[in-house]
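A.B. asks: Residues per chain, in single letters:
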Amino acid sequence: DTAVSQTPKYLVTQMGNDKSIKCEQNLGHDTMYWYKQDSKKFLKIMFSYNNKELIINETVPNRFSPKSPDKAHLNLHINSLELGDSAVYFCASSHRTSGSYGYTFGSGTRLTVV
Amino acid sequence: AQSVTQLGSHVSVSEGALVLLRCNYSSSVPPYLFWYVQYPNQGLQLLLKYTSAATLVKGINGFEAEFKKSETSFHLTKPSAHMSDAAEYFCAVSESYGGATNKLIFGTGTLLAVQP
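Protein chains in written order, with this note's numbering: chain A, 1 to 114; chain B, 1 to 116.
Calculated directly from the structure, the hints in this document are not laboratory data.
Straight line, CA to CA, 27 Å or less: simulated DSS-like cross-link-like pairs of lysine-lysine:
1) Lys41(A) to Lys49(B)
2) Lys71(A) to Lys52(A)
3) Lys49(B) to Lys71(A)
4) Lys44(A) to Lys49(B)
5) Lys36(A) to Lys49(B)
6) Lys19(A) to Lys41(A)
7) Lys41(A) to Lys67(A)
Work out the full structure: start from the sequences and follow the hints.
C.D. replies: Right, here's the structure in full:
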């Protein structure tokens, strides 16, 4: 069983469309994250949820809206897609209370906006 | 704010040679430090982590890293490179976020090439 799974793996869409990426973890972790990796491979945190509660919201355009129906799932919805949204989006999970555990990452969703 | 700096965006070694990937951190408190590896078109996999126990940390695939407080460094090494080690390597530091959680802050990555 995959620990952190994301769907879809690839997403090609036109500017202006709305799309969603889904993430699920079966590790029993209580915190989940979305990271964006740009074309230079730089990784930046976007959001974090703990037990369905939003706890980290970095400076991300409000076209991006995360949703966590339960602590095992964290989805990312993006409205009015722009060319600059093209990137690889990674979901991750961890134990909340300590920074010593590190994260478990999904395999990523490569979003291409044309 | 905490940060990590990876010196050298590209490192090339011959198969069988020593691998040394450099990472320096900036932190006002004892840090939690990590090395992750990313193979092409894949997610990030944890190689090893420093959590204030032993300063020499052993990880998977024969990698190890040494925490040196005096040099604020956490360099990654492997005695003998293998072709399968070719990948992107990221150093990261864990930063407390409002006392409620933490976030990983990544360096800019080092692409390791292994020549036959």
